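Peer 1: Sequence:
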Amino acid sequence: MTLNLRRNLFNILLIPSLIVTLAAGLALIAWYRSQLFWDYEIPKLTALWWSIWRVATPSSLPWALHGIAFLSIFSLFCELVLRRRFGHSPSPEMFFMRFFILTLPFQAPRILLSLVSVGSLELSWSLTATRLAWFARFFGILSLLNISVFFGDISLRHSGLVLGMEFLIAIFIAATMPFDITQPLGNLLIRSGIETALALVIVSMELLIVLGLLGTAIMQGNPYYYLLSGALLLVVAGMDLTFFLSKPLLIPGAVLLVAGVFFSAWTVQKIYQWL
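First residue of the sequence shown? That's 5 in this note's numbering, and the numbers climb one at a time after it.
Read the hints as simulated data drawn from the structure, not as lab findings.
Misleading hints may appear alongside valid ones.
FRET-style restraints, in silico, Cβ to Cβ [claimed, not checked]:
id: 1; residue 1: Tyr-230; residue 2: Arg-37; range: 17 to 27 Å
id: 2; residue 1: Tyr-36; residue 2: Trp-57; range: 22 to 32 Å
id: 3; residue 1: Ile-77; residue 2: Ser-38; range: 15 to 25 Å
A quick note: this is a predicted structure, and the numbers were derived from the prediction, not measured.
From the three backbone atoms N, C-alpha and C, an ideal C-beta is built for every residue, glycine too.
Make the full structure from the sequences, and use the hints.
Peer 2: Structure, rendered in C-alpha cells:
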C-alpha cells in the first residue's frame, strides 16, 4: 500500500468520524437540555463488564452518552495529532494504530438505541447499531493485531489485502452474531446470545495482540520494543474497559486508552529516531 493510498484511506475514514462525533456531541447536548430523552425507558439490566450484570439506573444513559462522546472526540483529536506527526512515516506500528483509533467513533451509532426507546426510530435500528458497534470492535482488534505482524522493517505492501480480508471477517462476525432483540441494555447495546464464548474470543485476541508484539520484541532485543508492548497493553485494557461504557470502568478505561496511545506514539518516535 503506497503512501498516497494510505493518506486517501485515512481521509475517507475521517469523514464518518467527523459525522458521528458531531452526532455524539448533539446527543449529549440534548441530554443536558432535557430534550429528546425525557421519556427514555430505562432497561432492566446493564453490562458492567463481560457477563457481569447489574440493574440499570437513570445514570446509565448519561454515562453511556459521555463515554461515546469521549471515544469520538478522542479519536478525532488523536488522528489530527498523529497525522501531523506521522503522516509521512513508513511506520507500520502507527499506521495500524491510527486505523484502530478511527474505528472508535463507530461506537456512536449506539445512541440510536436511546432513540428507539423514546419511539423516534423502529426497533430494527437498535439491532443495526449493535452489529455496527461489534463490527468496529472486531475490526479495531484485528488492526492492533497487525502491529506485531508488520512490526519493524516489514513492508506495508500487502497491508491493503490484509485489511480488506479483516474487514470482511469483521463484517461476517458482526452480521452472524445472535442477539436478543427483547433485551436492550443500559450501556446502549442489545444483549448477545453467546456472551461467554464472545468474551473468550475477544479476551484471547487481546492477549494475542500483546503477546505477539512481546515475542517480536524479544527477537529484536531493543528495549524500546518492550516499552511499545507495555503501551499496547494499556491500549488493549483501555479499549476493553471503555467498550461497555459502565460507570465504574469508563474513567479508568479512558485514562488507560489515552496513556497507551500517546505512549505508543512516543515509543515509535524513539524507535525510528524521529527527533
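Peer 1: Run every hint past the structure and note whether it holds.
Peer 2: Structure-based check of each hint:
1. Tyr-230 / Arg-37: 17 to 27 Å: Given a distance of about 48 Å, which is not inside 17 to 27 Å, the answer is violated.
2. Tyr-36 / Trp-57: 22 to 32 Å: 28 Å, holds
3. Ile-77 / Ser-38: 15 to 25 Å: Cβ of Ile-77 to Cβ of Ser-38: about 22 Å, so the range 15 to 25 Å holds.
In terms of the numbered hints stated before, the structure departs from hint 1 and from no other.
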